[in-house]
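Undergrad: Sequence:
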Amino acid sequence: MPKILPHGSTLGQPDNTVAMLREQGYPVLDMSDNELAKLHVRYMVDGRSPGPQDELIFRFQFPERPGALLKFLNGLSTNWNISLFHYRNHGADYGRILAGIQVPASERLQLRWSIGGTRISVLGRK
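28 is the number of the first residue of the sequence shown in my numbering; add one for each residue after it.
Bear in mind the hints are in silico, worked out from the structure with no lab data behind them.
Cβ coordinates follow ideal geometry from the N, Cα and C atoms, glycine included.
Just so you know, not all the hints are guaranteed correct.
What the hints assert, rightly or not - Ranges of calculated distance between the beta carbons of each label pair, as one might list FRET restraints: (1) E82 x Y121: 17 to 27 Å; (2) Q80 x W140: 38 to 48 Å; (3) Y53 x E134: 32 to 42 Å; (4) D42 x R135: 16 to 26 Å; (5) V45 x A119: 30 to 40 Å; (6) V45 x T105: 42 to 52 Å; (7) D57 x N106: 18 to 28 Å; (8) V45 x P93: 36 to 46 Å.
Please construct the entire structure, taking both the sequences and the accompanying hints into account.
TA: Okay, structure coming up:
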């Protein structure tokens, strides 16, 4: 049962919230200082997937101009599944994407060529 907290409670502060959750036995990963979480993850709500196979997670940055995103997506093989896609634009010259792409190990070199043939920056991969 959720607790109702009095006005002025300090529970809303991250350290207090993390401590309270841990006291209740919940595993907690504090991502307050994580840029990736601030830009993308906080907007995602989802259940657990049965386990995407061969999924690679990428962070991309690309120039904000007409057709740039479509050109990138069209360059990906139709054999690959985009299992996660989150696009963020803050009105800057560059947009940011967090993407999960399911690519069999035997086709990863082809994926590198596909991405390398664009002017999109790969900021990270997991």
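Undergrad: For the range 36 to 46 Å, tell me whether the beta carbons of V45 and P93 fit it or not.
TA: Since V45 and P93 have Cβ atoms about 43 Å apart, the given range 36 to 46 Å holds.
Undergrad: Indicate whether the distance between the beta carbons of D42 and R135 respects the range 16 to 26 Å.
TA: 41 Å, violated
Undergrad: Is 32 to 42 Å right for how far apart the beta carbons of Y53 and E134 are?
TA: At roughly 39 Å between Cβ atoms, E134 and Y53 fall inside 32 to 42 Å, so the hint holds.
Undergrad: For V45 and A119, compare the CB-CB distance with the range 30 to 40 Å and indicate the outcome.
TA: 31 Å, holds
Undergrad: Quick check on a hinted range of 18 to 28 Å for D57 and N106, using CB atoms only.
TA: 38 Å, violated
Undergrad: Could you see if the CB distance from V45 to T105 stays within 42 to 52 Å?
TA: 43 Å, holds
Undergrad: Given the hint of 38 to 48 Å, check if Q80 and W140 actually sit that far apart at their C-beta atoms.
TA: At 22 Å between Cβs, range violated.
Undergrad: Has the hinted range 17 to 27 Å been met by the Cβ atoms of E82 and Y121?
TA: Because 25 Å falls inside the window, the suggested range holds.
Violated hints for the displayed structure, listed by number in ascending order: 2, 4, 7.
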